[in-house]
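*Asks:* Okay, here's what each chain looks like letter by letter:
4 protein chains.
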Amino acid sequence: MVGYAFMGRAHSQAWRNVTAFFDLPVAPAMRVICGRSPEATRAAAARMGWAGHTTDWRDLLARDDVQIVDICTPGDSHAEIAVAALAAGKHVLCEKPLANTVEEAARMAEAAASAAGKSMVAFNYRRVPAVALARRLVAAGELGAIRHVRAQYLQDWVVDPDFPLVWRLRKDLAGSGALGDIGAHIIDTAQHITGQDLVGVTGLTETFVKDRPGGRVTVDDAALFIGRMSGGAMASFEATRFASGRKNALRVEVNGALGSLYFDFEAMNELWVSKGGGGFTRILVTEPDHPYAGAWWPPGHGLGYEHTFTNQIRDFLEAIATGTDPSPSFADGLRVQRVLEAVEQSDGAYKEITR
Amino acid sequence: MVGYAFMGRAHSQAWRNVTAFFDLPVAPAMRVICGRSPEATRAAAARMGWAGHTTDWRDLLARDDVQIVDICTPGDSHAEIAVAALAAGKHVLCEKPLANTVEEAARMAEAAASAAGKSMVAFNYRRVPAVALARRLVAAGELGAIRHVRAQYLQDWVVDPDFPLVWRLRKDLAGSGALGDIGAHIIDTAQHITGQDLVGVTGLTETFVKDRPGGRVTVDDAALFIGRMSGGAMASFEATRFASGRKNALRVEVNGALGSLYFDFEAMNELWVSKGGGGFTRILVTEPDHPYAGAWWPPGHGLGYEHTFTNQIRDFLEAIATGTDPSPSFADGLRVQRVLEAVEQSDGAYKEITR
Amino acid sequence: MVGYAFMGRAHSQAWRNVTAFFDLPVAPAMRVICGRSPEATRAAAARMGWAGHTTDWRDLLARDDVQIVDICTPGDSHAEIAVAALAAGKHVLCEKPLANTVEEAARMAEAAASAAGKSMVAFNYRRVPAVALARRLVAAGELGAIRHVRAQYLQDWVVDPDFPLVWRLRKDLAGSGALGDIGAHIIDTAQHITGQDLVGVTGLTETFVKDRPGGRVTVDDAALFIGRMSGGAMASFEATRFASGRKNALRVEVNGALGSLYFDFEAMNELWVSKGGGGFTRILVTEPDHPYAGAWWPPGHGLGYEHTFTNQIRDFLEAIATGTDPSPSFADGLRVQRVLEAVEQSDGAYKEITR
Amino acid sequence: MVGYAFMGRAHSQAWRNVTAFFDLPVAPAMRVICGRSPEATRAAAARMGWAGHTTDWRDLLARDDVQIVDICTPGDSHAEIAVAALAAGKHVLCEKPLANTVEEAARMAEAAASAAGKSMVAFNYRRVPAVALARRLVAAGELGAIRHVRAQYLQDWVVDPDFPLVWRLRKDLAGSGALGDIGAHIIDTAQHITGQDLVGVTGLTETFVKDRPGGRVTVDDAALFIGRMSGGAMASFEATRFASGRKNALRVEVNGALGSLYFDFEAMNELWVSKGGGGFTRILVTEPDHPYAGAWWPPGHGLGYEHTFTNQIRDFLEAIATGTDPSPSFADGLRVQRVLEAVEQSDGAYKEITR
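So the sequences go chain by chain: A, B, C and D.
Counting along the first sequence from 1, when you hit position 352 you're at 351 in numbering that gives the first Met the number 0, and nothing is skipped either side.
Counting along the second sequence from 1, when you hit position 208 you're at 207 in numbering that gives the first Met the number 0, and nothing is skipped either side.
Counting along the third sequence from 1, when you hit position 93 you're at 92 in numbering that gives the first Met the number 0, and nothing is skipped either side.
Counting along the fourth sequence from 1, when you hit position 161 you're at 160 in numbering that gives the first Met the number 0, and nothing is skipped either side.
These are calculated hints, taken from the structure and not from any lab test.
Treat the hints loosely; a few may be bogus.
Identical copies look the same in the list; a pair holds intra-copy or inter-copy alike.
Within a straight-line C-alpha distance of at most 25 Å, the following computed SDA-like cross-link-like pairs (lysine to any residue) qualify [as the list claims (entries may be wrong)]:
no.: 1; residue 1: Lys274; residue 2: Asp263
no.: 2; residue 1: Lys274; residue 2: Pro287
no.: 3; residue 1: Lys209; residue 2: Ser229
no.: 4; residue 1: Lys274; residue 2: Gly140
no.: 5; residue 1: Lys209; residue 2: Phe162
no.: 6; residue 1: Lys170; residue 2: Glu205
no.: 7; residue 1: Lys209; residue 2: Val198
no.: 8; residue 1: Lys209; residue 2: Gly143
All of these numbers come straight from a predicted model, not from anything done at the bench.
Can you build the whole structure from these sequences, using the hints too?
*Replies:* What follows is the structure, encoded as structure tokens:
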């Protein structure tokens, strides 16, 4: 694994616990973690259960006992590490957004297409059981032709103008702001659940607080966009870090000719489904026949944020073991990147999304 | 009153009951109702409590004992009746949208500006106690600088492709579809609560079902638009009649630097408020110090849809009696009309809203 | 009508508006209202739309043009007025609880049984569309054998120890406290929805604040009781005026072998239903085929507290016009009274409810 | 650890992950797991991360490298194992209910009082951050004098009469049914949050389905009871496995003179709090200053069922390391057992709870 911060912790938990819940043909061994600070990396290795640690990610590629590279760094280093790892014959799991630019993402997708190893981009919210159930319902046609997708990702951690200039607020490191960080998630979630791709968008972005302790904010605070999807659906999106009181509200509502569904990550064990114009049913997605849920606890005993990563690792390992292509692929990540770029360039004008 | 259908019934209830709850310096007498069908109008008069009935709206203008004309007809006749009524010295209450075109709305606003009578456009949702409380909180600065308005009006009554071509689906009568019918409400509500006007929008509209029993649908089924507001807020709007399972979900969320609020008309007695980034509080807007609520029932004994009209009539009569200008004015209605026009013409391009 | 306070206002609204929404074979005329204070009664008559007023309820009985007597006074006068009105050949609608004692209630039920006029006790919550729908679902067997009823009526208007000694806190006037005032409602609601009678209860009551400005509190602040029902269900009840933050939370949950339902009056337009162990569906009880709802507004346009009374008057008038027995009868009111008495006397011991 | 089924899995997860999130002065080593079936125990050890396995719990007591014994067996073996483990100088964590009878529980509490090792009963719901926050609010006086506790634990896994006779439906193994299994949790939770003990109860129990595939049901399906608490609060409880559609709804509402709170485990990351009679605020209990939450993820990234056990192990290890007494103690477990016995014997009569 490369990176040991927020995502590093989440991924480590997943690697460490996946076999306690899922029967898998392979069992991961947590060989080595890589970070820039030697001490912090050593401490992270001890705490999170990694056998070794290093400060040079190239070490991982050189080791024969490392077959998988899990990239949990900021977006600016994704392309370099991923392309090299794939070239070294490794399987690669890469945090989202896939890259900071379309150009980088395209290189990564190209590398993935011709590599021997498997590759996957870590849109972990696909692995929320409720989101997976949503996808299953739409794919089974239970909602009929999809008319609307309404997706929001609302946070509030930079509302305070005195909040400092962390790396996520710098374009050179993060690529974009709310748009790439959380907007990427709702683009992927909306496309994944509906099975439709965005074909065009018009959007607006805004930086409400332009100067913070530490310097100039060079990314967006909020991004709003609407668009058309490949199957005829209308889509609306809003990603913001200025929704006071909303902590991690990834929400998506889908309206189809035969029914609708609604999800909010702040109540992650619930999926709301309406059929035939009737009321919305609150489904606790903890039943044995619900996606992933059967591997965990009895009905009504919910999962937490962490477990989206465990489910994700399960799917990645399953794909590697069975020789199938994991999803979402780097190509999927590139497609999201193209939408992000279109929104960034839109400034209120309609942009078609090239394939 | 002109018109006796859905809006006619709602307004009649309000005229009939307003003095049972509010102490007013004037008491309305329900003189005469006008409709096209003589029998239906006579029956409506009897059922709703109107002393007389007629099939010619000009009769109302000729009568000295009629001081107020309440226009509850489809949008295509608003301008003619309203301008004539104002010219005849009457006070005019007109259903929304103010007109079917900006040109008509502009004529009405002009007439209103120079008339002796008072005029008001019937955006009744302003008179939901929870919406009025929302406005009060923002105006008092309790939410700080407003960053986001997120408004939706979701219905589902035309999801079935066999639903026939009623007048609301015909451009010649209704002007537009979801956009003018329910989109107008959320534009007004968003502007009213925030105290900011939309200064530019980019939008998309769609007609999902183009042919229905009875003929060609000539209005939009859904309209999505995003925009910028005069005070720096970002706004997103979605009006649709294709949100299966959503019956009358007028929703608005406002995020400010100091707090947020949320309202959904399907739970019309509730306003959700967050302060300082904390959780959202579900306020039952039925306390004596809440707008309008003190005139009604004890705490926890909620109001219904009908009562938004009673509250509206109360405010209109109060303005007439005290010689103040009722709000929203025809000028406010015109401003909404300009937004509607901009959305209709946008097709994904950014349109500035002229004052 | 006798009484012009809270209930008098609510009933008056119902009498005044019932024919604007319901097609009835008879139309009520609001002849005369009776109260103790001449001025207040005159003012109430004017405001609420009564043609005449008096301070002696016997006047109503003497008038040939009064066929219905609606009793909205405190419980201590119910028996005298109702028995006399029935003896005078009037139809009688009486506020709940039917009386302050079982003895009074038994006399009233006896009088009703042999009277020519129709009689009904005003458990208005039966006329909430959602409650009526709940009853319909259980009666149709959709929930299977009923196992549990869980009913609460939570208010908070006397939490403040400085709240004064109003009539509802005096045993001589009100009979009992939370128990008879709001406990009576949940007993009736639970029995009505399930179609089962309570056959035994064990209960506890408490007066948290025993002295208030104005004197000694002589009724209970809260009553808790559990019991067994005639069809084998287990029932639990809690009525309190000390549930801070709960304004008028009449709640009932019913669990059956095939499904469950849940209702809370603070969201009175919603009924939550679960079938076959699945999630709970939030039904907006505003569809044309829902009880009462078809007479009112389009789907999603909810009713308010007031309209439970309109629906009640509709049923009462319908019964009178068609010569059927309105429900709940005085006998039903007596049965509730027997439960109240059993709870009052229980002090933690099990009491069987005599028929 | 003794036992490897449902609770064994949950506790194992906690032992394995606690140091990845909490900084503790001691780090647990997972030495040996004990079960009756050699193969199943071996498999459980491998899957859950235990170094060794055995079929005789006495082996654990004989090992010097085992300092803690975690008892996850059915209630009938708790007393024997716990008393022996304490006599052997081990620290003991024991699943709830503490025992199947008051006599057993009393012996355990006595053993704990005089033992060198620490002991704790595993009422894991105390370690839900929202429940811990509730306790903190009440202890700080923010709700004022507590008037009401209203606790329910609703499940539905035996609604189907064809569900077989598992061990939890047999009195010889489980002691009691819903009462001891889930009723014990709400008794502990109610007493813990309020800081008041139950001083008397009156209750009713019922077995709705008496014969099942596999034999006679010898425990209750449901238990309802109400009571008085040491601080003057009134309490109501309902534990049932027949609440169709409710999966794991441990709910508690507390009403105090200054405010109220509400919790439902089916939405375990939320605590609803009302202050001064105002609306209820939905607090997402994921902020850094919330109990336990700071050790986990950023705000809005919720925990799952599993993590209540991790938090519990953290507290147990902290107590052992610092030489303080963990809570809830075996004496607390005995007190709950006395309430269970009183409810079982009540049959509608009031029973005082002896200390």
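*Asks:* Are the hints correct? Go through all of them and say.
*Replies:* Outcome of the hint check:
In this assembly of identical chains, Lys274 and Asp263 lie within 25 Å of each other by CA distance both inside one copy and across copies; the values are 19 Å within and 21 Å between. Proximity of Lys274 and Pro287 under a CA criterion of 25 Å is satisfied in both settings, with 22 Å inside one chain copy and 18 Å between copies. In the homo-oligomer, the alpha carbons of Lys209 and Ser229 lie at most 25 Å apart only across protomers (19 Å), although the nearest pairing inside one protomer, at 36 Å, exceeds that limit. Proximity of Lys274 and Gly140 under a CA criterion of 25 Å is satisfied in both settings, with 12 Å inside one chain copy and 22 Å between copies.
For the identical chains of this complex, Lys209 and Phe162 are intra-copy neighbours only, at 12 Å inside a copy versus 50 Å across copies, given an alpha-carbon limit of 25 Å. Proximity of Lys170 and Glu205 under a CA criterion of 25 Å is satisfied intra-copy only: 14 Å inside one chain copy versus 36 Å between copies. Taking CA atoms no more than 25 Å apart as the test, Lys209 paired with Val198 passes between copies only; the shortest distance there is 21 Å, against 32 Å inside one copy. Taking the closest pair of Cα atoms, Lys209 and Gly143 come within 25 Å of each other only across two copies (17 Å); inside a single copy the shortest separation is 44 Å, beyond that limit.
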